[in-house]
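According to the numbering used here, the sequence shown is numbered sequentially starting from 1.
Source of the hints: derived by calculation from the structure; they are not laboratory data.
Treat the numbers as computed from the prediction; the structure is a model and nothing was measured.
There's no promise every hint is true.
[Said to hold, decoys possible] Pair by pair, the computed Cβ-Cβ distance ranges are: (1) Val80 with Asp170: 33 to 41 Å; (2) Ser116 with Val87: 14 to 22 Å; (3) Gly158 with Val95: 16 to 24 Å; (4) Pro168 with Ser97: 19 to 27 Å; (5) Met188 with Ser101: 20 to 28 Å; (6) Phe162 with Gly142: 17 to 25 Å; (7) Pro168 with His109: 28 to 36 Å; (8) Thr166 with Gly96: 15 to 23 Å; (9) Ile132 with Arg161: 16 to 24 Å; (10) Pro168 with Val127: 29 to 37 Å; (11) Cys181 with Gly142: 30 to 38 Å.
For every residue, glycine included, the Cβ atom is placed at its ideal position computed from N, Cα and C.
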Amino acid sequence: MELSVAHTCVICSDSSKLLKPGFLLVPTPINLQIKHRNTFNLMRATICSSSSMVKGHGSPITADPPMESVNDRIGSVKRVTNETNVVVELNLDGVGSSDSSTGIPFLDHMLDQLASHGLFDVHVKAVGDTHIDDHHTNEDVGLAIGTALLSALGDRKGINRFGDFTAPLDEALVHVTLGRCILCHFLMNIAPTSHIVAPFA
1 MELSVAHTCV ICSDSSKLLK PGFLLVPTPI NLQIKHRNTF NLMRATICSS
51 SSMVKGHGSP ITADPPMESV NDRIGSVKRV TNETNVVVEL NLDGVGSSDS
101 STGIPFLDHM LDQLASHGLF DVHVKAVGDT HIDDHHTNED VGLAIGTALL
151 SALGDRKGIN RFGDFTAPLD EALVHVTLGR CILCHFLMNI APTSHIVAPF
201 A
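Start from the sequences and build out the full structure, keeping to the hints where you can.
Here you go:
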């Protein structure tokens with residue numbers, strides 16, 4: 001489907017930040033160049049997560065209570081198991097700073113990317129049984145970050161029920177769809193390749 005309007009440019013309205021359908025038709029000369037706005041701010045405005053913390057299922061996760069103010073969207077989590085000791089602090093309204101030490105170089109790199117592309121402040125300290133395998137540390141860091149995100153979102157005022165984002169990253173096309181519910185699904189289509197990412201489990 002193609003939209004064609006003479007001497008008019010279609011611009012997403014401010015309501016698009018909240019993923020509401022709508023367009024604003026603005027008369028504009030055809031030769032005017034329109035600057036693209038930063039999509040990362042859109043990403044921050046549409047972050048969603050599960051609606052309740054995991055409790056009472058043997059989970060060793062502890063988290064700060066949700067913040068009262070949208071201005072203080074910070075979540076702190078400490079997760080201790082037989083295999084790992086993980087501390088996470090996540091500031092959703094940060095500047096993209098990262099200070100992560102997990103003992104797994106590729107995981108540290110991915111946490112740095114989460115901070116810089118999401119404009120979050122991400123601080124992760126993890127000690128795990130990486131001498132055996134790194135999957136416990138990967139798993140527990142992921143669980144702690146998810147819990148910190150949930151804590152930072154608080155009452156979720158101003159955040160829509162769902163959102164999605166697509167980005168080409170190097171040779172990959174990444175599509176993420178998030179919803180504020182307890183359901184989850186992960187799908188990864190990877191062609192067999194001889195390239196590996198260190199010994200990353």
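Report the numbers of all earlier hints that the structure fails to satisfy, in ascending order.
-> Violated: hints 7, 9 and 11.
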